[in-house]
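**Q** The chain contents come next:
2 protein chains.
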Amino acid sequence: MKTTAAIGIPKLFSCQFEGKLLDAFPFEQGYTPASAEAYIDFVKQELAPQIVNVAHPRYIGHMTGPVPPLMHELHGCMALFNQNLVKLETSGIATHIEREVIGELHRIFFQKGEEFYKYYTPDPDHCLGNITSGGTLSNITALSYALSKKLSNPEDPSASINNIGLLKSMVNKGYTDIVVLGTAHSHYSMNKAMRLLGLGYQSFIKIDPAILKSAEGRGMLSGMMENYKKAGTLVLALIGVAGTTEAGIIDPLEMMAEVAAEHDVHFHVDAAFGGAFMFSDKLADKLQGITQADSITLCGHKQLYLPMGISVCLFKSPELAGYSEINSHYQARKGGIDLGKYTIEGSRPFSAFIIHGVLRLIGKEGYAEILESNHDRARYFGELVAAHGSFELYNTPELNIVLYRYVPTWLRTRVKKGTLSKTEQQELNRLNVIIQKRQFDKGSSFVSYTEIPDASGSGERVVWLRAVLMNPYTSPQDLQEILQEQETIAAAVIL
Amino acid sequence: MKTTAAIGIPKLFSCQFEGKLLDAFPFEQGYTPASAEAYIDFVKQELAPQIVNVAHPRYIGHMTGPVPPLMHELHGCMALFNQNLVKLETSGIATHIEREVIGELHRIFFQKGEEFYKYYTPDPDHCLGNITSGGTLSNITALSYALSKKLSNPEDPSASINNIGLLKSMVNKGYTDIVVLGTAHSHYSMNKAMRLLGLGYQSFIKIDPAILKSAEGRGMLSGMMENYKKAGTLVLALIGVAGTTEAGIIDPLEMMAEVAAEHDVHFHVDAAFGGAFMFSDKLADKLQGITQADSITLCGHKQLYLPMGISVCLFKSPELAGYSEINSHYQARKGGIDLGKYTIEGSRPFSAFIIHGVLRLIGKEGYAEILESNHDRARYFGELVAAHGSFELYNTPELNIVLYRYVPTWLRTRVKKGTLSKTEQQELNRLNVIIQKRQFDKGSSFVSYTEIPDASGSGERVVWLRAVLMNPYTSPQDLQEILQEQETIAAAVIL
Numbered sequence: 001m002k003t004t005a006a007i008g009i010p011k012l013f014s015c016q017f018e019g020k021l022l023d024a025f026p027f028e029q030g031y032t033p034a035s036a037e038a039y040i041d042f043v044k045q046e047l048a049p050q051i052v053n054v055a056h057p058r059y060i061g062h063m064t065g066p067v068p069p070l071m072h073e074l075h076g077c078m079a080l081f082n083q084n085l086v087k088l089e090t091s092g093i094a095t096h097i098e099r100e101v102i103g104e105l106h107r108i109f110f111q112k113g114e115e116f117y118k119y120y121t122p123d124p125d126h127c128l129g130n131i132t133s134g135g136t137l138s139n140i141t142a143l144s145y146a147l148s149k150k151l152s153n154p155e156d157p158s159a160s161i162n163n164i165g166l167l168k169s170m171v172n173k174g175y176t177d178i179v180v181l182g183t184a185h186s187h188y189s190m191n192k193a194m195r196l197l198g199l200g201y202q203s204f205i206k207i208d209p210a211i212l213k214s215a216e217g218r219g220m221l222s223g224m225m226e227n228y229k230k231a232g233t234l235v236l237a238l239i240g241v242a243g244t245t246e247a248g249i250i251d252p253l254e255m256m257a258e259v260a261a262e263h264d265v266h267f268h269v270d271a272a273f274g275g276a277f278m279f280s281d282k283l284a285d286k287l288q289g290i291t292q293a294d295s296i297t298l299c300g301h302k303q304l305y306l307p308m309g310i311s312v313c314l315f316k317s318p319e320l321a322g323y324s325e326i327n328s329h330y331q332a333r334k335g336g337i338d339l340g341k342y343t344i345e346g347s348r349p350f351s352a353f354i355i356h357g358v359l360r361l362i363g364k365e366g367y368a369e370i371l372e373s374n375h376d377r378a379r380y381f382g383e384l385v386a387a388h389g390s391f392e393l394y395n396t397p398e399l400n401i402v403l404y405r406y407v408p409t410w411l412r413t414r415v416k417k418g419t420l421s422k423t424e425q426q427e428l429n430r431l432n433v434i435i436q437k438r439q440f441d442k443g444s445s446f447v448s449y450t451e452i453p454d455a456s457g458s459g460e461r462v463v464w465l466r467a468v469l470m471n472p473y474t475s476p477q478d479l480q481e482i483l484q485e486q487e488t489i490a491a492a493v494i495l
Numbered sequence: 001m002k003t004t005a006a007i008g009i010p011k012l013f014s015c016q017f018e019g020k021l022l023d024a025f026p027f028e029q030g031y032t033p034a035s036a037e038a039y040i041d042f043v044k045q046e047l048a049p050q051i052v053n054v055a056h057p058r059y060i061g062h063m064t065g066p067v068p069p070l071m072h073e074l075h076g077c078m079a080l081f082n083q084n085l086v087k088l089e090t091s092g093i094a095t096h097i098e099r100e101v102i103g104e105l106h107r108i109f110f111q112k113g114e115e116f117y118k119y120y121t122p123d124p125d126h127c128l129g130n131i132t133s134g135g136t137l138s139n140i141t142a143l144s145y146a147l148s149k150k151l152s153n154p155e156d157p158s159a160s161i162n163n164i165g166l167l168k169s170m171v172n173k174g175y176t177d178i179v180v181l182g183t184a185h186s187h188y189s190m191n192k193a194m195r196l197l198g199l200g201y202q203s204f205i206k207i208d209p210a211i212l213k214s215a216e217g218r219g220m221l222s223g224m225m226e227n228y229k230k231a232g233t234l235v236l237a238l239i240g241v242a243g244t245t246e247a248g249i250i251d252p253l254e255m256m257a258e259v260a261a262e263h264d265v266h267f268h269v270d271a272a273f274g275g276a277f278m279f280s281d282k283l284a285d286k287l288q289g290i291t292q293a294d295s296i297t298l299c300g301h302k303q304l305y306l307p308m309g310i311s312v313c314l315f316k317s318p319e320l321a322g323y324s325e326i327n328s329h330y331q332a333r334k335g336g337i338d339l340g341k342y343t344i345e346g347s348r349p350f351s352a353f354i355i356h357g358v359l360r361l362i363g364k365e366g367y368a369e370i371l372e373s374n375h376d377r378a379r380y381f382g383e384l385v386a387a388h389g390s391f392e393l394y395n396t397p398e399l400n401i402v403l404y405r406y407v408p409t410w411l412r413t414r415v416k417k418g419t420l421s422k423t424e425q426q427e428l429n430r431l432n433v434i435i436q437k438r439q440f441d442k443g444s445s446f447v448s449y450t451e452i453p454d455a456s457g458s459g460e461r462v463v464w465l466r467a468v469l470m471n472p473y474t475s476p477q478d479l480q481e482i483l484q485e486q487e488t489i490a491a492a493v494i495l
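If you're matching them up, the sequences are chains H and G in order.
Residue 166 in the UniProt record's numbering is what sits at position 166 of the first sequence, and the numbering runs on without skipping anything.
Residue 269 in the UniProt record's numbering is what sits at position 269 of the second sequence, and the numbering runs on without skipping anything.
Bound conformation, chain H alone (with noise of 0.2 Å):
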């Protein structure tokens, strides 16, 4: 045998640098390495002047936004307090406090009585939601338990999908094809989600979003309903977004959620960046209908301003992720509190900790200011671009997403009129790609691009310009000077 001092603690694991919160831990602290100063060095010199300042007032380009400092202390201490929230054994009081939030968070979307969460948020055989580690996941567990719940078996859970497989379990069902509705503007998530399921891409089944707005969308969304069930198909799924990625559009939901009813279609919204807007009580009723999802996804490192990974999925009935509840020998084990039988991830972070705090100290009212002064500010930036002779406004932002392009002189009239030619449509999108790599690659603002389909149908792509007004730090006047720079590189272009 070893003695004591054969075996030793390892010198390099205990290195250490300072934190406010550090003496909160319980165990021991090490020693500082002589690297620890190098690589701080290189941190401060090297990699943080060529990371991408999204938290610049004038990075306007994505759904990345700045993190309040206080995520620094918070995330650190998650850091050390490396909880692992598959089982009890391993988190102790973060299971509950991840199941507190994850309550607090269904009852601002499914706003449920004081009872239901009473009963709900803390019962082992139930579950709310699951904090997951980004939206993608949040879609794929909402599509994925969905479809466990459609093709499960009570009598028989021997012969449900998750223990026979996809085919034997359409067979058995005599399903002979299986599909999920969105629109053509759902996110490629869903994608990712098709393929992960086995369901394929072409089973993603893309309704025009405007037909689906307008007078008709009701009738025709429940006649491919009625048509897909006459023909075998199973209607897994209908996605609503709340907020699109491209152009932060709203659709239909309560209409969608209604249709979805009739035909016991599980009804998923995206609501990964919009979502938020559900802290305010002014904008929430731009997401009416979303009460009635049977699921819901929302990222906390969008508007809630959460650092990167941290997303949530809701679930209307607390019954809906026990279809795929997954047990072993050693944890997660039936009955038990232990939340690893109800998520596709294992080990997870304590992430509930982090939206804990910010409901805590940002609060929802705090989110209310952010997430109004968001829509205020995306409010004045389209009037700008619209005030302003050299832009083409996409449309009036129904949230703060405000897509927009630049046309050159000779091209307003033509573009006003809509009698672009194909060539001179190609013309312009490639001016627009050009003017937005510049001013990337210029550094001092950014503004993402994105190409969506011609109005008229004809399948041509526009290119349009994307500004995601997400920063509170962001001004009018950086708006102002943003445009103006955009307007200076196309000048430059055109020469």
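Keep in mind that a hint or two might mislead.
It does not matter which identical chain is meant; a pair holds if it fits inside one copy or across any two.
[To be verified] Computed list of lysine to any residue pairs in SDA-like fashion (alpha-carbon distance at most 25 Å, straight line): (1) Lys149 - Asp123; (2) Lys150 - Asn191; (3) Lys282 - Ile93; (4) Lys213 - Ala247; (5) Lys442 - Gly335; (6) Lys334 - Val433; (7) Lys364 - Ser152; (8) Lys437 - Glu325; (9) Lys334 - Glu392; (10) Lys44 - Arg360.
Derived from the structure by calculation, the hints contain no laboratory data.
The hints should help you fit chain G onto chain H, whose structure is shown.
**A** The following block gives chain G in isolation, referenced to the frame of chain H:
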């Protein structure tokens, strides 16, 4: 239009704490809200005392250990950088650092030459691995990408499984069924993967690990693959485990790799726990054959001591991820460097920063020291248990997980002779479960338990206490006292 003053910066957004690296951040600092102090108090006085102290030297029950205190700063820093690795426009140098880090890990496991890494590490059209949020997701990634490759259709991508789904793809290729081969001690995340991919739990074929390791192992495995093929069943993958969750056992990786290669079956090694032993030149031999794997899961939050939520799935072939490439119009475009096109997850944190940091601050040598001491610690504990009259050792630990059980005086002879009756066996199980639970409840030490099928093949399950020796602070004296406490508890239970 609103004026500058009317939009402003919401005050609640910009509250902050302090941190040593904060001045590396390019954005403005805000103020500390009144409630921050109250929340710090809550963390110190209520939360911290009630989490599970996974860093305690006598917390040896799970694969969740202490993290070096430097994680507080690195993790906090990652949070404030808030880079999103889905694309270059939200990550800049972080995308390149992620590729660098994956290349470094790939080299440790697959040991390709300098030219290989020079070309493939930075190449936008290839991918050597994914950084994921956990081992389950890494395992899912490996199986999903293997499936996309196996059922791809290079001549007509529109007829690939990604597009047409599992059912139609199987029909096209003429497969009647798909199975994955593993052993009875594979991690339960394989069930999650089988469910997600539409294959079902029952298509995960569990080989007896003892037979696999025996002289008949190779013949049996090869015969199985042959028979499945004859029956029109696709053997998608073979799963080897390097350090099983329950007992730290290593499958015969080399033989498995050879048989898989002969039958053109994807060989995935789940080295979530044991993979870190590759950092030690002394102990790497234990994983003989891992270099021939097609993909490998390694969890940073296990024996690399990173905070929860950092795992890697490494791909031997730089082409594998290409079969699952997904693009969109606003990011992860074809031909671009954006990592999002090759990952199941979308938005992802800059976890590569943490790995980058520890590879420089702790380094391969530092990890070797830690891993070797873990191995010593397990050998020591195994010897301690074996020499102790009141306990039975399950087997000589291969890595650093030790299984054992308490045996009361009157059953010791029958345990040694292997003549326990079914009732006595169940009584012994119950006793050990009680000991484990009481020790957890007392709160000064923690060992977990698991259930493993009886070696006789009777189908009976045996409860074993399970010690994971991965805490560098655990001393021989801690281990002695843990056993002592269990004996004391047992005595009280028996009385």
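**Q** Could you check the structure against the hints above and give me the numbers of any it violates, in ascending order?
**A** 3, 7, 9
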